[in-house]
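Colleague: In the order they appear, the protein sequences are chains S, G, X and D. Under the working numbering, the residue at position 136 of the first sequence is numbered 136, and the numbers go up by one with no gaps. Add 144 to a position in the second sequence, counting from 1, and you land on the number used in the working numbering. Add 288 to a position in the third sequence, counting from 1, and you land on the number used in the working numbering. Add 432 to a position in the fourth sequence, counting from 1, and you land on the number used in the working numbering.
Honestly, the hints are just simulated from the structure, not real lab data. All of these numbers come straight from a predicted model, not from anything done at the bench. Cβ atoms here follow ideal geometry from the backbone N, Cα and C, with glycine treated the same way. Please note that a few of the clues may not be correct.
To be verified - Heads up, simulated DSBU-like pairs for lysine-lysine below, C-alpha to C-alpha not over 30 Å straight-line: (1) S:K27 x G:K241; (2) G:K157 x S:K22; (3) S:K13 x G:K241; (4) X:K315 x D:K454; (5) X:K310 x X:K385.
Claimed, not checked - Just some of the chain S residues that point at chain D, by a computed CB distance under 10 Å: (6) N16; (7) A17; (8) V113; (9) I133; (10) T135; (11) R137.
There are 4 protein chains.
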Amino acid sequence: MSTDNAIRELVEKVTNAPGYTKAVGTKVESAEPGFVEMSLAKNDNLLQMNGFFHGGVVAGLADHAGGGAVTTAMPPGRFAVTVNLQVSYLAPAKGEKLIARARAIQVGSTIGVAHVDVASRSDGTETPCAVAIVTLRGVDFPAK
Amino acid sequence: MSTDNAIRELVEKVTNAPGYTKAVGTKVESAEPGFVEMSLAKNDNLLQMNGFFHGGVVAGLADHAGGGAVTTAMPPGRFAVTVNLQVSYLAPAKGEKLIARARAIQVGSTIGVAHVDVASRSDGTETPCAVAIVTLRGVDFPAK
Amino acid sequence: MSTDNAIRELVEKVTNAPGYTKAVGTKVESAEPGFVEMSLAKNDNLLQMNGFFHGGVVAGLADHAGGGAVTTAMPPGRFAVTVNLQVSYLAPAKGEKLIARARAIQVGSTIGVAHVDVASRSDGTETPCAVAIVTLRGVDFPAK
Amino acid sequence: MSTDNAIRELVEKVTNAPGYTKAVGTKVESAEPGFVEMSLAKNDNLLQMNGFFHGGVVAGLADHAGGGAVTTAMPPGRFAVTVNLQVSYLAPAKGEKLIARARAIQVGSTIGVAHVDVASRSDGTETPCAVAIVTLRGVDFPAK
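Next comes chain S alone, as it looks inside the complex (with noise of 0.2 Å):
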């Protein structure tokens, strides 16, 4: 198995095991060293009361996003949680579908970080809706 394909399936593990990310239909686009691509199809309950995306949810795939971006970027057996999450948000997620596409921007021995845009696609078009910084610190990977 090519590095790549353990790479993906570590972040398809992670994002599907049972909880919020699998919840709420979080689906790994693809994954990389460094580099990861997420999507989140729109349903009534991702939603705020004008029918669009709610911020919680925006947050939580870009902090999603930017935890695998730097993850995967780290020595295997390590996995980084999130320090600190910070989103700006750019415009109304209109969108029939959220893409968040973060990449590491710097890998440390403790501290990593990653930057995260987040768009959302409607009949094709993509309108940028949020750009977040995600901090993380390296822990060893949970034993099973």
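Chains G, X and D: place on chain S using the hints.
Modeller: Only chains G, X and D this time, still in chain S's reference frame:
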């Protein structure tokens, strides 16, 4: 109806409208001008893989509570939408319940800022798990 | 005078007005609508105890550059003041020069957001040292 | 020498070492484990074009105070360096003096977080002008 009752009704109406905050079970514990307390009971769909509340869920509750604190401090007919959300995670949210207390620390003609303390509660003991600063801008309340 | 010249003159005028940005030696490298590049040469009064640029100096340059990027993207007569500044430090700023490149990523009627990359340069090589997101609101340009 | 004296001496030593904090005139008002208060008197080199303290100067004081609060809460020999700085500006810093009060709200084995209130003082009256959250990581104190 007293002002405070009107404020609580507004916060509950927004929180219980169909969508994310209702779907996850957000409960309004108290609401007055410039301050709201909200809680979220643990359930399997809100957790990360270690069984703690997911960081995105913590962020979402902080965002919603911060919006409530600033909206209730604004003139009637105005509504606060998040521009920037910043969350620092202090400890794993291991408890049975998340509690967010949000206070408006600045409310101007266009911008408001809320400070939010988030704790998790277990067996009656609260442990701080996050602190957030939410920056919002005022818009006219959406017409029905 | 072309628009771009007018924009550069505005940015230089604000930067070189008596006060902090002039006192520390901020230099406008380039300015166009929605983008500015600024630099700061090392001197003893800008460092922390290890001889690197102080984090506050990095933050100040990012703030000022972000303000320039958003102001130059606003209609004439409007000026952007910082509401929220978020800086992630990626590496010590060890070089001889700090360089900030700020780009407006959202400019609306009340709010603008800039993304800023800060690098330090040594012997012609740049090393990223920080990334910042600056949220600003537009106000009328102060009358003379 | 009592512990508190040792702590104050450490904070003053770092603050008064040649460099930015000394150059701008940072004064240590008080220091104890997990809390520091610092001030900065107005002078022409610290202002923006309206005559208020520059946002970068506010950020720099918040950063330095936050670092002091976390460092003093760490075991001897450890030192906190900033990973992430978040500043929300609440009002123009119009006073004669800036005052930052920083409190460590979390100190772990690798990460510490400080909450900082910044006010400006004029004729004995303080007006809150910013609130900051500083995230830091602990490193070994640099050898002399």
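Colleague: Each hint should be assessed against the structure and marked as holding or not.
Modeller: Hint-by-hint comparison with the structure:
1. S:K27 x G:K241: holds, 27 Å
2. G:K157 x S:K22: The given pair, whose Cα atoms are some 28 Å apart, holds under the 30 Å limit.
3. S:K13 x G:K241: Roughly 26 Å separates the two Cα atoms, so the pair holds.
4. X:K315 x D:K454: Roughly 23 Å between the alpha carbons, so the hint for X:K315 and D:K454 holds.
5. X:K310 x X:K385: holds, 16 Å
6. N16: violated, 29 Å
7. A17: Given a least distance of 25 Å, the restraint on S:A17 is violated.
8. V113: The hint holds - S:V113 has a Cβ within 10 Å of chain D, the shortest such distance being about 8 Å.
9. I133: Status holds, d = 8 Å.
10. T135: Cβ of S:T135 sits 5 Å from chain D, so the hint holds.
11. R137: With Cβ-Cβ at 6 Å, under 10 Å, it holds.
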